[in-house]
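Colleague: Full structure from sequences and hints, please.
Chains as they are written, first to last, in our numbering: chain A, 571 to 1077; chain B, 571 to 1077.
Incorrect hints may appear among the rest.
No copy labels: a pair is met if it fits in one copy or bridges any two.
Once the Cα atoms are required to be at most 30 Å apart in a straight line, the calculated DSSO-like pairs of lysine-lysine come out as [stated by the list, open to error]: (1) K735 with K1059; (2) K1026 with K934; (3) K598 with K976; (4) K1026 with K711; (5) K612 with K678; (6) K711 with K1024; (7) K1024 with K1056; (8) K976 with K1059; (9) K1026 with K673; (10) K735 with K1026; (11) K1065 with K1041.
In case anyone wonders, no lab produced these hints; they're calculated from the structure. For clarity, every value in this text was computed on a predicted model and none was experimentally measured.
There are 2 protein chains.
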Amino acid sequence: MLLKSSLIRAVSQTKGVITRGYKAKAKKIPEFTQDRYQVSRKSFAAVTDSDVSQFEKTIGSKYVVTDSEELLTHNVDFLKAVRGNSKVVLKPGSTEELSQIMKYCYEKNLAVCPQGGNTGLVGGSVPVFDEIVISLNRMNKIHSIDEMTGIAVADSGVILENLEKSANEHGLVVPLDLGAKASCHIGGNVSTNAGGLRVIRYGSLHGSVLGVESVLANGTVLDLMSNFKKDNTGYHLKHMFIGSEGTLGIISKLAILCPPAPRAFHVAFVGLPSFDAVLQTYLSAKRQLGEILSSCEMMDKDALAAAIQHFGLKPPIGDFPFYMLLETSGSNGDHDMEKFTSFVDHGMETGNILDGVVTGEPSKINEIWKCRELSAMAIVSRDGFSFNYDFSLPLRQFYEMVPVMKERCQPLAHRVCGFGHLGDCNLHLSVCFPEYSQEAYDLVEPFVYEYVSKLKGSFSSEHGLGFFKSKYLHYSKNNEAISLMKDVKNLMDPKGILNPYKVLPLK
Amino acid sequence: MLLKSSLIRAVSQTKGVITRGYKAKAKKIPEFTQDRYQVSRKSFAAVTDSDVSQFEKTIGSKYVVTDSEELLTHNVDFLKAVRGNSKVVLKPGSTEELSQIMKYCYEKNLAVCPQGGNTGLVGGSVPVFDEIVISLNRMNKIHSIDEMTGIAVADSGVILENLEKSANEHGLVVPLDLGAKASCHIGGNVSTNAGGLRVIRYGSLHGSVLGVESVLANGTVLDLMSNFKKDNTGYHLKHMFIGSEGTLGIISKLAILCPPAPRAFHVAFVGLPSFDAVLQTYLSAKRQLGEILSSCEMMDKDALAAAIQHFGLKPPIGDFPFYMLLETSGSNGDHDMEKFTSFVDHGMETGNILDGVVTGEPSKINEIWKCRELSAMAIVSRDGFSFNYDFSLPLRQFYEMVPVMKERCQPLAHRVCGFGHLGDCNLHLSVCFPEYSQEAYDLVEPFVYEYVSKLKGSFSSEHGLGFFKSKYLHYSKNNEAISLMKDVKNLMDPKGILNPYKVLPLK
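Modeller: What follows is the structure, given as structure tokens:
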């Protein structure tokens, strides 16, 4: 079946915008977290000159940062929403050096904040008080990539995009892709169990990561590296480090299974009349595109409008209540295009798809992806003060909160919109006000958390808890689970020096 | 590209053999484990009449089994290799009943052995001494299967084949398939992190299982159920229960993500001249079949010969040093067949494939699968006394042990062969002697474990440790990892009443 000719059209151009590795719009440096939020400093030791001297002996003075300007970049997060007050950043060059640092800190009761690319969105990667920042950015060696087995072994501090490039050279892809790929570290991705754009195809990092090496609170190096998908010799301890955000150990090295690079990519951008049509189209994509479906994203018209307004984006199709971006990747381009066009034609016949473009041309694929990525960027960085959420929700209720929040927050809020990884049940909800106010805050929180809890959703699908969301843990987890989390934390880090004030509720 | 006509031929018939849900050949009941192996009973309480009365009150006398004949089936494992001496089997009908049982046992210091379908191969699912057997077979309700999300929620005791049938009715498949599917329980599969035939396509259960509900040693019900692929709210505790073989808690319910049922299956059975050709063919399959490859099995001629000898199997092609069975499943049969034939043609052109058949016809697919399944069955159950192993090995050294063991064990061993899940680096090595002898044992063990350790492999890829293999843990795991496993066990089950003498080394 051939693509309907009306669907084949040039994709509009959007010039001069960098969607990968972008920086947020310049914002003011926030006030200290310790001043803005009511947090009590725990009774850790404070770093002394003698400690700094010892660190200089251990890893070399060049890698012990006390310069205030450089410190600032490690104390403030990507969103400029939190600011720690650390006096020293350490940059170990090896697992052995990292181990020695932790051994010393454990003995001296010094708290630490492990830091990867510092691209997290929940305040997890910067200190809250004066925790020592341990930056992994010197531990950036790719040890091996095996074309036959697909296994890549890399240090924690390897930038995701660099790992992807190396994997590509071996005919492989990293089973993880996200907007921050030019800055984020693979170790940080694993520590936070990052999701992103390929989960629908390659699953979560709990499936892809074969092994990790971690440095524990007391400096012990725990080698759980593995070159195998299957290894049933004892407890599967590596999972304790995937998604625990550096609070149980610092991942220093890892092995990840990289699938063969697809030979063909295709992308469709379609307009739909209703959320029900979105759901039906998703179901149809799962059935008809099955094994080649590699992304299934949705956004509403208000999300796309943000990119049009703030970045001058010219979308490839006209105005519709909903949009979907679907990507396929496979080993035979002709087969994939045939499946894709058949799928889109079917959607148009049923009336679920009103208009759309399908392309296999790389430059056009990039243009289409900008619709999705610039929408997110515009909302987060240029649309006044936005409350941004990252929920997992039952598919049938996936979009329910957006009209509810509109009803609740407009007209004070000028934009309430939803977009996200539909194929993973992962909605990003944004509520944008001209500026922050207590009234705005009270309209939004804790209402959204209570609503998610009522729908039995998760209030942090892929971003983690970090500093900001730990207090909401009870909305997604019951007392028994929280109690066991605390027991595990106490077992692994009895002094609580690893990334304190994060993940687990303070009270 | 069309399939070469020489490849298209009828597949030979093998009549009257049931490959699914088969039973091992009648073997004598083994002597008590406590007599055969040098294990000391730990200081648990022994079950009293008063305990039995209490259990009868809790779950009803009908479900408290003390009849010696029925007890025997729960005391002896599938392979008839170990025999416990339990005096009572409990069959709770709900999580609440299971919780009450555990609360009681914890208070009274009574040890328990959770039991699913009792199809394990490492002596993990039967008692070693007089542990109370807790059979999950009454907890067999499928709570829901959601066609839209693909999520199936089931009690632990649901038989895998029943779950598969229900999933099929909803247009889905369970992402797990193995020989014991007619008997094994999905809860047992998850507890042991079962592998099987679909791992290459759908990954491990750590990726597929979305949530579990477990009953802890003290009777606490830990609800970690989830309906989401992505949920980054706190530690990912569910993984502690996947593959810990009932030693950290008893899984009572679970949610598993079921992919859409493929619309087309194809299978190829090919003959190859060397193991190097096997490897090249595997690489080629990954590249050319990519997203539709759903099984990639290999066996050597001695493995196939066992099925010919003991089951009268007529293989579909002639004699070759190596055989591979490849399966594809996808959403478009024509596309899949085109890819498959192109792949096989390419293999024949390069000389890596010498002969083969490709079929999409269900009855012929079943016949071909018998070649693989009957080989395993013949070796394990009908070929004298066989030492059978389940290794993960680096792909390049995948087959290295087979000629080494031949050299070492023949002529005392009449068969040394290898087969397994090549696509998962999972070799099943078998060394068969006319009967068990100390001389045979000494030829094989601990040599094989040392060899696997030297190759940095895993000595238990998918079968687990159970009772038999816990003593070898140090061959695959270092001291730090074993130490943390013990700490975790002590945290979760301080009295050690959950499946004692299993997984962790006794000394």
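Colleague: Taking the hints in turn, state whether each one holds.
Modeller: Hints, one by one, checked against the model:
In the homo-oligomer, the alpha carbons of K735 and K1059 never lie at most 30 Å apart, since the shortest distance is 36 Å inside one protomer and 41 Å across protomers. Within a single copy, K1026 and K934 get their C-alpha atoms no closer than 39 Å, and across copies no closer than 46 Å, so neither meets the 30 Å cut-off. Within a single copy, K598 and K976 get their C-alpha atoms as close as 29 Å, which meets the 30 Å cut-off; across copies the closest is 72 Å, which misses it. For the homomeric pair K1026 and K711, the shortest alpha-carbon distance between copies (22 Å) is at most 30 Å, but the shortest distance inside one copy (41 Å) is not.
In this assembly of identical chains, the alpha carbons of K612 and K678 lie at most 30 Å apart only when taken from the same copy (14 Å versus 40 Å across copies). In this assembly of identical chains, K711 and K1024 lie within 30 Å of each other by CA distance solely across copies; the values are 25 Å between and 45 Å within a copy. Proximity of K1024 and K1056 under a CA criterion of 30 Å is satisfied intra-copy only: 25 Å inside one chain copy versus 38 Å between copies. Taking the shortest Cα distances, K976 and K1059 never come within 30 Å of each other, neither inside one copy (40 Å) nor across copies (49 Å).
For the homomeric pair K1026 and K673, the shortest alpha-carbon distance between copies (28 Å) is at most 30 Å, but the shortest distance inside one copy (42 Å) is not. Taking identical chains as interchangeable, the C-alpha atoms of K735 and K1026 lie at most 30 Å apart only when they sit on different chains, with a minimum of 28 Å there against 39 Å within one chain. For a Cα distance limit of 30 Å, the shortest separation of K1065 from K1041 inside one copy, 21 Å, qualifies, whereas the shortest one across copies, 33 Å, does not.
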